[in-house]
Each structure stands twice: as structure tokens, then as C-alpha cells.
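Asker: Below are the chains, spelled out letter by letter.
2 protein chains.
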Amino acid sequence: MTYTERLAAIRQQMKEQGVSAYIIPSADPHISEYLPDRYKCIYFASGFTGSAGTLVITEDFAGLWTDARYFVQANEQLAGSGFELVKLLIQHNPEYIGWLAGRLQPGEVVAYDAKLISVGLAQLLEQQLAPLGIKLATDLDFLDPIWEDRPELPTAPAFLLDEETTGKPTTEKLADLRAALKKARADYHLISSLDDLAWLFNMRGSDVKCNPVVLGFALISQQEVMLFVDAAKLSEVDKQELQQAGVTLKPYEEVEQVLAELPVHSSIFIDPKRNCYALYKQLPAEVRVIQETNPTTFFKAVKNEVEIKNTRDAMVKDGVVLTRFFKWLEENVANGGITEIAVADKVRGFRAEQEGFVGESFDTIAGYKAHGALPHYKATPESDVELKADGLFLLDSGGQYRTGTTDITRVVSLGNLTEAEKTDYTLVLKGMIDGATARFPKGTRGYQIDAITRKPLWDHARNYGHGTGHGVGFFLNVHEGPQVFNPTPIPVDIELGMITSVEPGIYRPEQYGIRIENLVLTVLDEANDFGEFYTFEQLTLALIDTAPVKKQLLEERQIQWLNGYNQLVVEKLGPHLTAEELGWLKEKAKAI
Amino acid sequence: MTYTERLAAIRQQMKEQGVSAYIIPSADPHISEYLPDRYKCIYFASGFTGSAGTLVITEDFAGLWTDARYFVQANEQLAGSGFELVKLLIQHNPEYIGWLAGRLQPGEVVAYDAKLISVGLAQLLEQQLAPLGIKLATDLDFLDPIWEDRPELPTAPAFLLDEETTGKPTTEKLADLRAALKKARADYHLISSLDDLAWLFNMRGSDVKCNPVVLGFALISQQEVMLFVDAAKLSEVDKQELQQAGVTLKPYEEVEQVLAELPVHSSIFIDPKRNCYALYKQLPAEVRVIQETNPTTFFKAVKNEVEIKNTRDAMVKDGVVLTRFFKWLEENVANGGITEIAVADKVRGFRAEQEGFVGESFDTIAGYKAHGALPHYKATPESDVELKADGLFLLDSGGQYRTGTTDITRVVSLGNLTEAEKTDYTLVLKGMIDGATARFPKGTRGYQIDAITRKPLWDHARNYGHGTGHGVGFFLNVHEGPQVFNPTPIPVDIELGMITSVEPGIYRPEQYGIRIENLVLTVLDEANDFGEFYTFEQLTLALIDTAPVKKQLLEERQIQWLNGYNQLVVEKLGPHLTAEELGWLKEKAKAI
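Protein sequences, first through last, are from chains A and B. Residue numbers for the first sequence follow my numbering, beginning at 956 and rising by one. Residue numbers for the second sequence follow my numbering, beginning at 956 and rising by one.
The following block holds chain A by itself, in its conformation from the complex (with noise of 0.2 Å):
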């Protein structure tokens, strides 16, 4: 089947139903952003294989909305497909609803799959459109019936982590999030987002690609803990663990009648961002539902000392692992033959060497001249160029070890840059710079550090339509909420032991990209009579290419920063290098 019949198999099934509008969107039961290949129904009705979008099909339109990282690869893979671009204004914005309200009349339906659709963006859904006399279909999968050879759930082996790699048992992990259940005066607890529950259980798997979590529910109140998942998955001595922590294993698919049997007027607290509509739509109407985010997200995302040292180790392996890429690139690009796609397998064979390896974190984004310019680009073999000694190169990759979860980017000078190039990658930098040692006081928010790093950006006219930074997991998902660096206003506050990324960029469409990307981690800077100030320090330790640096445009404090960094890498990274490669590193890290 191709995509246009696709399309057309979903509108006539629209048709029979009477549904003048259909939604889908990218997401599965447990809202994750990365799919199991069962739910990439986006993917399946489109072809596009980004990881943000959502599509909206009427009779006479069918669009993908998505944000500005995938305007250029949308706009190619869709096409021939039926489906067209709307750009977003706003990233992860529902502009579509919007949309909807503006074109259908009163009485005209919208159709999605409650599985898919979080609880919020159900309400959101309901709020905006039924004023309006739009009525909403929320059990329609258009989908499975056309999909042939749909995949099934995946069944890769799961398993638990020691108290040395976590720093915490599940025991007191759960005795945290009883506290705060009781706070909130919830007698139950829904959790379907994979991170909290991998998080919670010390559990890992490889369910979903990148992403070390495991398919499953969670549902806990003062007296029990029930983890709905593929028993088969866990060893019998993991399975024994789990039990001792007083937790009991049950099916996967159960977590719905379990959910539809709570106690009438019992309380559940369930994070409307990150549980489907379907599963909310099974609790009786009785039960009194507490929205708020997930206290595990919240604990989560600060790590716990433990986490931050083994975190600290995987970033030395991570800095070996580039320094040898960076190394290896500048000596053999001039031989011909390096292409993106060899430089992602080179970069995953060096990861790979690395004690405690499991995985990538992400698919490796090697961008060469133009390609850098799509923030999200992945290789493909019709796409793949060749490296030559001119230019520049964008290197976003990252790795799953053990002891951490990794994710840098860096962009050098394969030669030959013009001024543009220069000063393009000068400001980066400096956003860079600025963002990643930002001084700030207790209670500062992420949309406070997006703005100072893009400043530096905005004075020379320039700007990027991605955030600055996100959380990233504890050898877990290298997109870790609840704390961003963007522009949205979300009211988290940055707290002292959280991992996020900073990389800001610039991107010339057909020309080059550039971003530079640092992992921080959020430290006390001091305390005064203006209370907590807060700063990052740096995990990410790999050396930023000084050569595209234009210095004037730097400030003195700048320059600083940059030598200091560049000396602090080469200290780091020295004892785990060969003597060349310490002594290519040591050149590449003069002081400007």
C-alpha cells in the first residue's frame, strides 16, 4: 500500500463513521516521544520519521504539524504522500486545534485513538472544541485495520539495577512517593510514562530504541504496589527482588480492569501529561482524580549523589570516545571515503570499546556543510555525502552506558571557512558559553536560562526555533523531564542536581548548521543577602574546536572560560588517552 492509498483507505473509513476530522498523533499508551515500532503510526500513514508531529486528516486536507527542527525533512519525506507541512509556531503546541475550530461547523466530528491522546490533550480537545458544537470521537483506531504485519509489542529482556549504580533503593524510592500521595490525599497512583516507572523500579530493558525502559503500568496506594508487566521479560532473581520490595507483578493488559474495579469514591492521582485518555476513561465515575505531574518526575530529575558520580564517570568515556573520533576524522578525511553514515558507525565502534557500554542514546546526527543545517538529521543511504577537508561539520551523538546517559554535540573546521561560517559559529559559542555558566538565583526557571543564552544570539540579529536545553536521565532517557531550557513558560524550577543540556545554534538552510552542546549540572554557586544562587557545572568534557573562533567577537570573560574549559578536558581525559592521543589533544587545546 502506498502512502496516498493509505490516506485514502483512512478517509473512507472517516466517511462510513461520519468523522469529518482525524488525529493522529505521535505518542503510544504511555505518551513516550519514542515509539516501539508498533505505535509509529505516523510514521506508518505518512512516512515521516521524526520524533515531534502530529497529523490532522479532513475529507479535503491532510497535514503533518511539526516544528522548525523538522520543516526541511518533512517537507521531503512527505512528499508524493498526500499529506502537507504546517509549520508550528510554538514547539509541542497543539496548533491544530486551532485550526479545527476555525474550519468545522457545529455537529461535525473529530475522531482519535484514546490510547494515544494524553489525558490533558484530551481535555484541552474537549474544552476548546465542544463550545463550539464539535463533537469528539475518542475510540477510533483507523489504523490497525489497514496496517498489515503491524508490529508487536516488543518482548526484550528487562533488569534491575544495583544500589551502586542508583543510590537508592526501590524501598525508599516508593517510601518518597507514598509521602507524597498521602500530601496529596490520593489513595492511588497511576504511573504509564516508562522513565518514571524504570526510575522507580531500578528496572531497565530495551523496549523502545535508545530508550533503556520496559512496557508497563504502575499502580500503588499505601498498601500495595502492582507493576503490570511481561513477566517474561525479568529473570526469576529480579522477579524475587521486585517481590521483596512489595511489589506484585500482573500482566501487561490488565491495568484496565484493574483501573475500571477501584473502590467508588477512592482518590487516584494520575499526571495528565503522560497517561492516556483510555486508561482515565476506565476509572469509574466515582473515583475523584487528582491531576498533577508525577512526583517521580520530580524526584527523578534530581539526581541523587550516587547517580551524579557515575554520571561523572561516563562523561570521561564519552570525552575519550570523541577526542578519538575527532582525532581519527582530521587524519583521514583527507584519504576520501568517510561518509555521515561511516561516521556515525565510527563513533558507535569507539562508544562501544567503552567499559559499561549499552547502547547509543539517541540516532547519531552527522551532519556534513548542508546537513547540519536540519537539527535532527539522521544519515540515510540516499542521503549520505561524503566528508572532504573543507567546511563544517555538525557531530550530535550520545550513549547509554551503565553509569550514565551521554548526548554532546560539537561542529569543527574540516577547512577553508568563510567569515560567515566564523562568525556563525563565534555566537553559538557564545550563547554556549553563556547559558552553560549561568549564574542565577534559587527559584530561576528554564525559560530564564533560554533567554540569557540566546542573547547573544538576538544582538546579532540571529536565532534557532529549538529549545536550549532539556533533562536528560540517569542511563535513561536523553529527554528527561519536568525541567527545560526554552522558551515556553513552564514553571519548574531549576533545582540543584538536575542534568540538562544547553546548545544553542544556528542554522543556514543549504549552507551549514552549528551547535554546541554541554551537559550541566545545576550546583550551588553561593548564598548572600539575596539568598541562593545557583550555577552549572560543566559534565560534558570534550574539547570545543577553537579553530572557527573569531576572538573579538568574545568577550574577555569568554575567552577565559573557553581556555579554562579546553585545560579542564585535557586534565580529565589525559590519564584514560594514549600518549598521541593526549598529545593531539593537548595541541587542539592551546589557549586562543
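Honestly, the hints are just simulated from the structure, not real lab data. Computed from a predicted model, the values in this text were never measured in an experiment. Each hint should be verified, as a subset may be incorrect.
If chains are identical, the list can't say which one is meant, so a pair holds when it fits in one copy or spans any two.
Heads up, simulated DSS-like pairs for lysine-lysine below, C-alpha to C-alpha not over 25 Å straight-line [said to hold, decoys possible]:
(1) Lys1137 <-> Lys1090
(2) Lys1138 <-> Lys1042
(3) Lys1377 <-> Lys1543
(4) Lys1527 <-> Lys970
(5) Lys1164 <-> Lys1236
(6) Lys1545 <-> Lys1282
(7) Lys1506 <-> Lys1042
(8) Lys1545 <-> Lys1123
(9) Lys1194 <-> Lys1505
(10) Lys1505 <-> Lys1282
(11) Lys1527 <-> Lys1541
(12) Lys1194 <-> Lys1205
(13) Lys1164 <-> Lys1545
(14) Lys1042 <-> Lys1397
(15) Lys1301 <-> Lys1527
(16) Lys1138 <-> Lys1090
(17) Lys1123 <-> Lys1505
(18) Lys995 <-> Lys1506
With chain A's structure known, arrange chain B on it following the hints.
Answerer: Frame of chain A, contents of chain B only:
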């Protein structure tokens, strides 16, 4: 009656009515910030005179929740009143709701007077307290029975402004408003906010001190416009003009009844933040309520060309006033006898000499040394001190002119500054320059400008407890929404034509306070591949004292801006000054 007697009398009524907690907000039925005397309930009950705060009274506790601007003032004014200061973490945040939630038991009753609570706040109380089983009694006024000689509503005259002043007649403003209502599918629109009314009807008055507004409500539909005001305030000519614009005058009190009689199944557009809950409750249950920000709030914030031209004229006048005053102060301070109250009188006198001056736009804040550390200080006979040729003096004042509203803060050295004072002054100036010269993409919000303004202070581990800036009206309220520059995540874009203040500060309790404030106009800067960039035009024209500046703390671009700005002040004010005044100003404005 003493304050403690009043508190006892309130508690007596609470006991009789079975009320566990009573809330007294700072508001009137128009949810105004500045109140007619009749609604100065917090002052009546506790003696606190600040413009923001909430009293909450229980059987065993009576507190004033207010923000950092008022901590010192509240501590002084509440002494012996029976009320304690509760420090708000975030300005205007109803943090007492959480306090009540944690303290009250199911079945207990929280009461307030629905005339003084916005629709939004009433809904928030309901949302947060009702699930805990706490009940709300919304029609209890415990002040009126004990308030002897409570002031009547004001009866000051009102008048209409001509098109040369406002740039847009009421008929056109009504047409824009009706288009917005049609788009929102609203049959009716209730406006209670006095600044929106003043703008829409090009009407001004003096019902509230410093705010040239007229008490009233308006109900607008596609067919009709009812304006509920005391018609005796208007001249016959103005009444006829309103009539010709299609406006029907109705008695102020009749609004409740008209709302109660709205057709069932009609819809009404109501701003939940700017209408009181008492009016909302009048609506028949079948009326569909659309809750959004008043369209007039957005219209009014974007000044038209005539308003901008007129405002620039008012700024020149105000600059002349400030020049005269600071020259006078410098020449006379050593002679003695100049107190803070004398300063306020002198400044008012200089403003009164200017053509078109109507009154002050707020109570002058003249704070010498330690008094400067109280951001909203107003000198009283008890607090008044004499200025000497020593230390820092802060003056924050503004005027209502028929051509615009001004608001300006300057700090000057009267002599013998310490290094610490100079450092703090220079850091505030850096913040003010970075905020007031920011370049930013279209779509930027106030919290981003706020972060940019604070960064130079944060870099040196300093901060201030108030917002960075507020919108300013055109010959209207000196605090005007929807935009603010503050850390709270308010999703309002900064639009071309908006006028906003930029006023960072550093406060050293019992030592000194520094705040430097300009009003700025959003203007287009440039458009390029990255979109449209905006920046600010400095509307305020008054010398920034360079005597306290530590040049080495400023960046080169900041030095250039400071010298250029002071030169601009000389150029713009020169034609309106005497030769002697101009000579003094030129000397002061010399480049550093």
C-alpha cells in the same frame, strides 16, 4: 475602633456565621489595583497602605500576604494591628490558598465578598479547596457592618478626549471590538476594568487617585452598547457625543440586573481576571461564558501613531521637570531644609508648570539613603528625613499629562559614595541598559526581557524582589497590562507599539536603594532570514547620573549607549530649557 478591635469584630461575625477563614483582597468590583477610598478594605482592617496584598483571618491567625516590595513597610504598619506579615514567594501569587488547604479540615468554611474577588480567583479557590471538602461562602462582607463613615463612591467629573489626543474615535474602537467578539462567537461582552472603559470610550475622570478613570461597567453586543456610569459626572456635550457613538448611558448600579436578565442560551465574553465574581454570579445558568482576556486590553496596549507622538511630547515635558528638579536639588541640598516631602512637593510643582499636566501618575517615591531601599516608600511626616550632601537619593515619580503618562526613576549621588554604592549603581545601570536596549525576535515575552535585564545583576550574585517592568497607559493607568517584564511565565507577546518600563534595582535594607527606570517603546529593528527582530526606543528623556558609575564594570557597548543616551537627552530637552539649565545639563551629560 482600633485595628485589634476591628479584627475582634470581624472574628465575632466569623464565629456567628460559622466561618473558619475570611479573605480580604486588595480590590474593588472592577478588580482595580488602585482603589477608591470606599474599597480600601485592607487599610481599614489592618492599617497597611500598600497597593498589593491579601488579608486572611482565621480564629487564631491574621496575616497579610504581600510581596518583597512591601516587606519593610508591612512590618512597620502592621505593628500592633493583630496582623502578621506573610512573605509571598511570588508577587501576586495567591499563596494563601495553599496555606488554607493545609490548615482547614473538611466541612470548614472559607468566606469572602464576591464583589472583591475576580472570577478567576473565585474559580481557583473553588478548584483548590472544594476537592478537600472545604466550603466557600461568597457573599459575606464583614467590614461594612463595622465600618463607620465608610466613604461613598466618588463623584468626580469625567470628560471625553478628542481624536487629536487619542488618534481613534470610539466608533472605530467599538467596531474593532465587535469584530473580536464575533470571532469569539460571543453575543455579549462585559467590561468592568476601568482602564479598558476609559480607553474604549475615550473618557477620563478622577475617581481613583493618580488613575484618570471613571467608575463604570459596559455591556456590548453587536446591536447595543450600554455604559453603566453616574451620568452626572459627564457634561451634556459629552453625553450627546457618547449617544452619537451609539452608547446608551445607564445608572452604575443597574448592571447587576441587566446581567441577570440576559437571554438564556446567549453567550457572554468575560475576562476572568478583570471582572468580579459577584457580577458573574448574576448571569443566568444557561448563559455560555467565554473566559478570555478583554480584547480592549490588547488593543489599548498597542499605542497608535497619535498616542506615540503625544507620549513623546509628554516625555520631553517630564524630562524638563526632572532636569530642573535635579539642578535645584544639587544647588540647594547643602543649605539644608530639603526633606523627602519637600522634594515630592517641589517635583509636583515643576510638573504643574507644564502645559497639559493633570496630576501625578502615582505617589512620588522620594527615598533618601535607607528609605531608597523601600521600593514603594512614601514619605510621611513621621518618616520624613532631610537630604544632605552625602549618599544616594532615589526619586521615582511620574505625571499624567493630557498627552501621556510618565514614570521615571533616577538615583543621584549627593556626595561621598562608597565603593559598594558605586558598584551596585553600576550593576543596576548595566541591567537597565541590557533590558532597555535588548534586541529580540517577534514573539518574545516579558519574562525573556526580564531575564536579560537581571543577568548583569545575577552575574554578581545580586537581584531584586520586584518585576523588571510594567506596561504604561496613554494618559491612563501607570500600571497597564497585558504585558509585564517579570519572571512569572505570562504568555503575552511583546508587540510593536507597546510602552513598558525597564526598572531593575538593588536594595540594601537600612543602607540605600538603587533603581533606574526608563519607559521604552517596542519598535521594529530588522527583518532577515531568522524573522523579524524588535528593539526598544527610549521614550523617557532624563539624564542618567554618571557620577556613581564605575566605568571598568561597564562593557564598551554599555559605555557608548550611556554617553549617547545622555547626549540625546541634551538634544531633545535643550530647546525647552533656559540657557543656564542647558549649561548645567551639558556639563552633567559629558561622556565618561
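Asker: For every hint, state whether the structure bears it out.
Answerer: Cross-check of the supplied hints:
1. Lys1137 <-> Lys1090: Only across copies: Lys1137 and Lys1090 sit 21 Å apart there, 37 Å inside one copy, limit 25 Å.
2. Lys1138 <-> Lys1042: between (42 Å within a copy, 23 Å between copies)
3. Lys1377 <-> Lys1543: within (17 Å within a copy, 42 Å between copies)
4. Lys1527 <-> Lys970: This pair counts as neither: shortest intra-copy Cα distance 63 Å, inter-copy 69 Å.
5. Lys1164 <-> Lys1236: neither (29 Å within a copy, 54 Å between copies)
6. Lys1545 <-> Lys1282: within (15 Å within a copy, 55 Å between copies)
7. Lys1506 <-> Lys1042: neither (37 Å within a copy, 47 Å between copies)
8. Lys1545 <-> Lys1123: neither (41 Å within a copy, 64 Å between copies)
9. Lys1194 <-> Lys1505: For Lys1194 and Lys1505, the Cα distance exceeds 25 Å both inside one copy (58 Å) and across copies (67 Å).
10. Lys1505 <-> Lys1282: within (23 Å within a copy, 46 Å between copies)
11. Lys1527 <-> Lys1541: within (12 Å within a copy, 57 Å between copies)
12. Lys1194 <-> Lys1205: Answer is within; shortest intra-copy Cα gap is 11 Å, inter-copy 76 Å.
13. Lys1164 <-> Lys1545: neither (39 Å within a copy, 65 Å between copies)
14. Lys1042 <-> Lys1397: Between copies only: 16 Å across, 36 Å inside.
15. Lys1301 <-> Lys1527: Classified as within; 23 Å inside a copy, 65 Å across copies.
16. Lys1138 <-> Lys1090: between (37 Å within a copy, 20 Å between copies)
17. Lys1123 <-> Lys1505: neither (46 Å within a copy, 51 Å between copies)
18. Lys995 <-> Lys1506: neither (46 Å within a copy, 59 Å between copies)
Hints 4, 5, 7, 8, 9, 13, 17, 18 from the list above are not met by this structure, while the remaining hints are.
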